[in-house]
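One line per chain: the protein sequences are U and A, in this order.
In terms of the numbering used here, the first sequence has 135 at position 135, counting the first letter as 1, and numbering is strictly consecutive.
In terms of the numbering used here, the second sequence has 194 at position 194, counting the first letter as 1, and numbering is strictly consecutive.
Take the hints with a grain of salt, since some may be wrong.
One copy or two, it doesn't matter: identical chains are merged, so the pair holds either way.
What the hints assert, rightly or not - Pairs of lysine-lysine residues, derived as BS3-like cross-links and limited to a Cα-Cα distance of at most 27 Å, are as follows:
1. 132 - 196
2. 11 - 208
3. 83 - 196
4. 105 - 83
5. 11 - 123
6. 215 - 110
7. 215 - 237
8. 132 - 105
9. 2 - 105
The hints are simulated quantities; they were obtained by calculation from the structure and are not laboratory data.
There are 2 protein chains.
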Amino acid sequence: MKWVRYQSDGKTFYGILEGEVVKEVYGSPLDSYTESGTTHNYASIELLPPVIPPTFYAAGINYEKHVREAAVLLGTEPNIPEKADIGYRAANALIAHQQPIVIPKDATEKVQYEAELVVVIGKETRNISESKALECVLGYTIGNDVSERTWQASDRTMWRAKNSDTFKPMGPWIETDANLEDMVTTVRLNNREVIKFHTNDMIFGVQKYISEITKYITLYPGDVVWMGTDGSSENMKDGDICEIEISGVGTLRNPIISE
Amino acid sequence: MKWVRYQSDGKTFYGILEGEVVKEVYGSPLDSYTESGTTHNYASIELLPPVIPPTFYAAGINYEKHVREAAVLLGTEPNIPEKADIGYRAANALIAHQQPIVIPKDATEKVQYEAELVVVIGKETRNISESKALECVLGYTIGNDVSERTWQASDRTMWRAKNSDTFKPMGPWIETDANLEDMVTTVRLNNREVIKFHTNDMIFGVQKYISEITKYITLYPGDVVWMGTDGSSENMKDGDICEIEISGVGTLRNPIISE
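Just chain U, same shape as in the assembly:
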């Protein structure tokens, strides 16, 4: 099942996408819902990020090749994490599928994509084992963890490097039926394939992260966990189109413009 979130007549709705038809609901997949009887054509709705997370988690460093290639770019030693320590991103930066990533005026040319699987939490959860961890997952969506590498190296935190407005495209929808083992992540920059990797080849998987987080932290419906990216990235510039496809989930596409 695919859940879209969108605006209609100035109000925000969730809907179930079936083919080209969006079946509008009252409520949300995060608690309870009933179909309203209204339908829309998918092409006619204005998509929103599929959820606004109460807390926005991000694994950050979670693929070995990415650690090694990022270390070269940042001029540091590769540091493979030994524990599933989770990090954070910020909701201000979220945009939907098709909305533009805006490069800030004083950014350097090193504004890069990072293709990430996003886990959407569906149930309040604390102290869950790895074997049961997927029971609290509503579904999956796709994130682009846009990063300005110069600021990432120079600043004390990743505030503007990772969380400048529009730097967190997420969408297009939440897919509830995807299978982690089957996913392949492909990034296309202006229709040219630039990276492809097995999505689940993580240092610490979805189950491990959820189990570790919930030893100390309650996960709530709508929380998202961005799972990190593999490989190295290219720069994006004004006029580019960045597409991230995760097989079984969908394709997140965003144009890039300059401020």
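Fit chain A to the supplied structure of chain U, relying on the hints for placement.
Showing chain A alone in chain U's frame:
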């Protein structure tokens, strides 16, 4: 004016606190409100954190003495920040005035308070100058940035060191009439004064942080900015009571218990 947020008959309300009387409102100080006509006795209401922030900002390192004393404790060199780079905390950890801080089972004895001024944003704001920055501030409250120092030193991020459930007491209310220059922060552990400092003696002040953040980031109503703490802290243990007073704002009091 003091804004409290509380639960009544299973619903969440804002109210205006005048003496011992809480005047309930429909709506909120973050958009618009009207008095409902209902009043409560302050002693009878169950306070909630005065706001659940869409994004939870934290300066982290913002007083010189704290940088020097923290460096000694963590065994690192003191590193005075040269720029107002903002960090983040997480909403899962928020609790209200009087609610217990719960020390996790496997925490070390180094669970410590950090007394912080909290800025509550009232208006959507982007690109604001330092001289106008306070125009987007609704008011101030108090935060206790509870920290497990062993995890803070050992982990790659501050997830459980700073964001374990209950580690972010905030309250008791939002005071809209306080003056930054007049504030003094006092911490009492079991009624013994353990630290006192001029709240506004920051490396980078409220106006500077707001102006810097909004060069890249939109602040939204309800966002909070925790401004950091001064000096060094003592350990808290089961049975302790930690009180943080900021003159002109109020007093945040929380008991400490073990999981």
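Going through the hints against the structure:
1. 132 - 196: neither (29 Å within a copy, 47 Å between copies)
2. 11 - 208: neither (37 Å within a copy, 36 Å between copies)
3. 83 - 196: within (25 Å within a copy, 37 Å between copies)
4. 105 - 83: Classified as between; 19 Å across copies, 37 Å inside a copy.
5. 11 - 123: both (25 Å within a copy, 21 Å between copies)
6. 215 - 110: between (37 Å within a copy, 19 Å between copies)
7. 215 - 237: Classified as between; 20 Å across copies, 41 Å inside a copy.
8. 132 - 105: Answer is between; shortest inter-copy Cα gap is 22 Å, intra-copy 46 Å.
9. 2 - 105: Neither. Shortest intra-copy (36 Å) and inter-copy (40 Å) distances fail the 27 Å Cα cut-off.
Checked against the numbered hints given earlier, this structure breaks hints 1, 2 and 9; the rest are met.
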